[in-house]
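Residue numbers (numbering that gives the first Met the number 0), protein chains in the order written: chain A, 0 to 333; chain B, 0 to 333.
By construction, these hints were calculated from the structure, which means they are not laboratory data.
Bear in mind that the values here come from a model prediction, so they are computed numbers and not experimental data.
For every residue, glycine included, the Cβ atom is placed at its ideal position computed from N, Cα and C.
Treat the hints with care, as some may be off.
What the hints assert, rightly or not - List time: in silico DSSO-like cross-link candidates among lysine-lysine, alpha-carbon distance up to 27 Å:
no., chain 1, residue 1, chain 2, residue 2
1, B, Lys146, A, Lys27
2, A, Lys97, B, Lys146
3, A, Lys19, A, Lys156
Said to hold, decoys possible - Anything over 12 Å on all C-beta distances counts as not near chain A; from chain B, calculated:
no., residue
4, Ile123
5, Leu174
6, Gln290
Unchecked claim - Label pairs and their in silico Cβ distance ranges:
no., chain 1, residue 1, chain 2, residue 2, range
7, B, Glu145, A, Asp310, 47 to 53 Å
8, A, Leu25, B, Lys194, 30 to 36 Å
9, B, Lys258, A, Leu25, 30 to 36 Å
10, A, Ala15, B, Lys187, 37 to 43 Å
11, B, Gly213, A, Glu284, 35 to 41 Å
One-letter residues, chain by chain:
There are 2 protein chains.
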Amino acid sequence: MDISQLGEFGLIHRIAEHLKTPAAGLVKGIGDDAAVFEGPPGWEIVITCDAQVEGVHFLPESMAPEQIGRKAAAINISDIAAMGAQPTFMLVSLGMPKTTPVSFVDGLYQGFKQECDRFGASIIGGNMAHCPERIFIDITLLGQVEKGRALYRSNAKPGDLAAVSGPLGDSAAGLSLLLAPEVRVDEKVRASVLKAHFTPNPRVDLGRALSASGLITAALDVSDGAAQDLGHICEESKLGAVLWAEKVPLSQACKEVGKAAGKNPWEFAMFGGEDYELLFTFSEENQPAVQKVLTKAGFSMTIIGRMEEGDPKVRILAADGSAWNPKSTGWTHF
Amino acid sequence: MDISQLGEFGLIHRIAEHLKTPAAGLVKGIGDDAAVFEGPPGWEIVITCDAQVEGVHFLPESMAPEQIGRKAAAINISDIAAMGAQPTFMLVSLGMPKTTPVSFVDGLYQGFKQECDRFGASIIGGNMAHCPERIFIDITLLGQVEKGRALYRSNAKPGDLAAVSGPLGDSAAGLSLLLAPEVRVDEKVRASVLKAHFTPNPRVDLGRALSASGLITAALDVSDGAAQDLGHICEESKLGAVLWAEKVPLSQACKEVGKAAGKNPWEFAMFGGEDYELLFTFSEENQPAVQKVLTKAGFSMTIIGRMEEGDPKVRILAADGSAWNPKSTGWTHF
C-alpha cells in the first residue's frame, strides 16, 4: 500500500496513534493547528510547521520570491492565530537546487521578514540543504498565549454555533483562474481573487481577541475549505455538524469567477481552502457577546453551521434543508 | 550569481546579516547549534532544525527506513546536546512522493520514536506534503537547559584548549566505503565504520554534564569535520585557533579504511564530519577538572588544539609544527 491510497489524513491518523504518549510539560500534542507546551510564567508556547513545495504549492513563474516567502510565512502565522496566540519566533528550513539564484533566496527572506515584521515575530534559526529538483520551504513557527487561553479544535459542544470571520472561496477562485487562463473575468475581479490566493492575511488580532474573550469553544483557520475544516473540529470534538452551504459568505469577485468558469462558487468556499479566515464555535447564548468581539476587531461574523451529537461528520445542507451534493472533495496531499 | 557560487556558509552569513534584530525573550539567534529563548522559570528553551534529503543525505537502498528515521532524529538531538540541553519535543515535516509505501513511513516514524525514546523526547506535531521526486525529512527539535547554562560557540577565550570527546573520522570512513565498494577491508572494520555512519550517538549526557560543570567556554557537535567545526567556534568567538592534525584521535577501524583506500585517515576526521562527538573549549587551568567531568561521564578527552588571538581561521599543524596541507575541504551543501 502506498500513501496515496491511505490519503493525507489517513496517514496522519495512523502515525498519531503510535505517538500517543504523555510528555512532561506538554499541554497539547498532535491534532490541532499547533502543539502547546508550558512556557514562561503565565504563558504557554505554541509551535507549528508547514511546508511549501515548488510546483506543488507554488509556481515560481507566477509569483515573485517575496510573495512566495510572505505566503509561506503567512500560512504558519495563520496556524498560530488560530490557536489565539501571538507569533514570536520562526525557523526556516530550505531545500534548494544548486542553481537557485542568490537573488531568489534574498527575495524569499525579504518575504519571510516582511510577514514576520507585520506580526512582531523574528527569524531565529533554520537550515539549508540541497534538494536537486525543486525549492522546499519548511517553516516552523512559535507563538505564545496566556496560560489556559489557547483555542483548540477539541472543545466544541453539541448545539454550538459555527461561524467564520469573513468570505471564503476567493483564494480557490484565484487558483482556478491560474489553472484555466482562458476564463475571462473583469481585471479588478481577477486582481482581487489572485491577491487572496497569493497574499493571505493571517487573523492574528482576531485570534487574540477570541482567545481573550473566553467565549470560544473551538477554532481553526480555514486552510482546507469550510467543509473539511469544520470536519476537523468534528473529529477532535467527537461531534457531528451541519453546514448550511449557501450561508457561507462569498465575495462578489468569487461569484463572478464562478459564473465565468461555469462553477458553483460555493464549491470554492466549501472545498477550496487557503482562505485563512478563522472558523470558530461558541454556545448560542454567547452569540451577541461574540458578535461584539468580532465587530470590535473589525470583522464581520457569519454563522454557517451548528455542532450536533453524532458521528464526526459534516452534513452539508442546501437552503431548503436537503442535502447539498458536493461535486468535488477537499484538497488532500496524496 | 547562484547559491553554489556563494556556498552554504556564505549564504547563511548573507541572510543572517539581514535578520539581526533584537527580539523580546530571545537569548540567542542565528549562529549556534540551536537558538535559545526564555522558558519556564529557571529554564531556557533551545530549538534547532535540520533536514535529510533522499539521495543527498541518505540512500534508501543502503539504509532501512528505521535507520533513516533514527539518524534524522539523532543529528538534531546532537545539536541540542551540543547546547548542553535536554531534548524535549520534536516536530517532523515530511515531503514525499505519492508512491511512497506506507510501510516506509511507518519505519521512519519507528526510527524517530526509538531515538526520541532514548533521550526522553516526544513527537508533538509535524506536517506532510507532496514532494514528487524524493523524500525530504525536516525535523525541528526543542530542548531545555537551566537558565544561563547553555553552551555557545561564541565564548571561547585566547589560550583556551580545544578538545573532543572521542575518535573522529569513522563516519566519513564508512561513507567512503559506500562510495567505493571495491575497497576491501575486514568485515569487522566495515561493520564498525558503517555503524558510525548510519547510527550516530548523540552525546546528550555529556552535554548535560559539561553544561552543569560551568567550565566550558564554547562547544558544538562535530558535524562538518574537526577543521570546519573548530572554525565555527573561531568565527563566533572572533578568535583564531591552531589544530594539531595528528592529535585528533582515530579509531583503529578508521586507520584501516584509510590504508585500504589509500587515503590519509586524518582527512576523514578533519574534513569528513557526521561524527557527532562534542568539540569544546576551556581554560588551561581547568583542564584537570574538565578531565574529571569527562571521565565521570564515561568519555575520553583528547586535546586537539588551542584558541589564539587573530583572524577567525584554523591553522592546521602537523606534528613537527609545519603546516598540514589538507587535500580536500569540509563538506558544504552547495
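Going down the list of hints, with the structure as the test:
1. About 24 Å separates the Cα atoms of Lys146/B and Lys27/A, which keeps this hinted pair within 27 Å; it holds.
2. Taken as a hint, the Lys97/A and Lys146/B pair is broken in the structure, with Cα atoms around 40 Å apart against an allowance of 27 Å.
3. With a C-alpha separation of about 24 Å, the suggested pairing of Lys19/A with Lys156/A holds against the 27 Å cut-off.
4. The beta carbon of Ile123/B sits about 4 Å from the closest Cβ of chain A, which is not more than 12 Å, so the claim that it is off the interface is violated.
5. The non-interface label for Leu174/B is consistent with chain A: the shortest C-beta to C-beta separation is roughly 16 Å, beyond 12 Å.
6. Distance to chain A confirms Gln290/B as a non-interface residue, since its nearest Cβ pair spans about 33 Å, more than 12 Å.
7. For the pair Glu145/B and Asp310/A, the beta carbons lie near 48 Å from each other, so the given range of 47 to 53 Å is met.
8. Taken as a hint, the range 30 to 36 Å holds for the pair Leu25/A and Lys194/B, whose Cβ atoms sit roughly 33 Å apart.
9. For the pair Lys258/B and Leu25/A, the beta carbons lie near 50 Å from each other, so the given range of 30 to 36 Å is not met.
10. For Ala15/A and Lys187/B, the Cβ-Cβ distance of about 41 Å falls inside the hinted range of 37 to 43 Å, so the restraint holds.
11. For Gly213/B and Glu284/A, the Cβ-Cβ distance of about 58 Å falls outside the hinted range of 35 to 41 Å, so the restraint is violated.
Comparing the model with each earlier hint shows violations of hints 2, 4, 9, 11; every other hint is respected.
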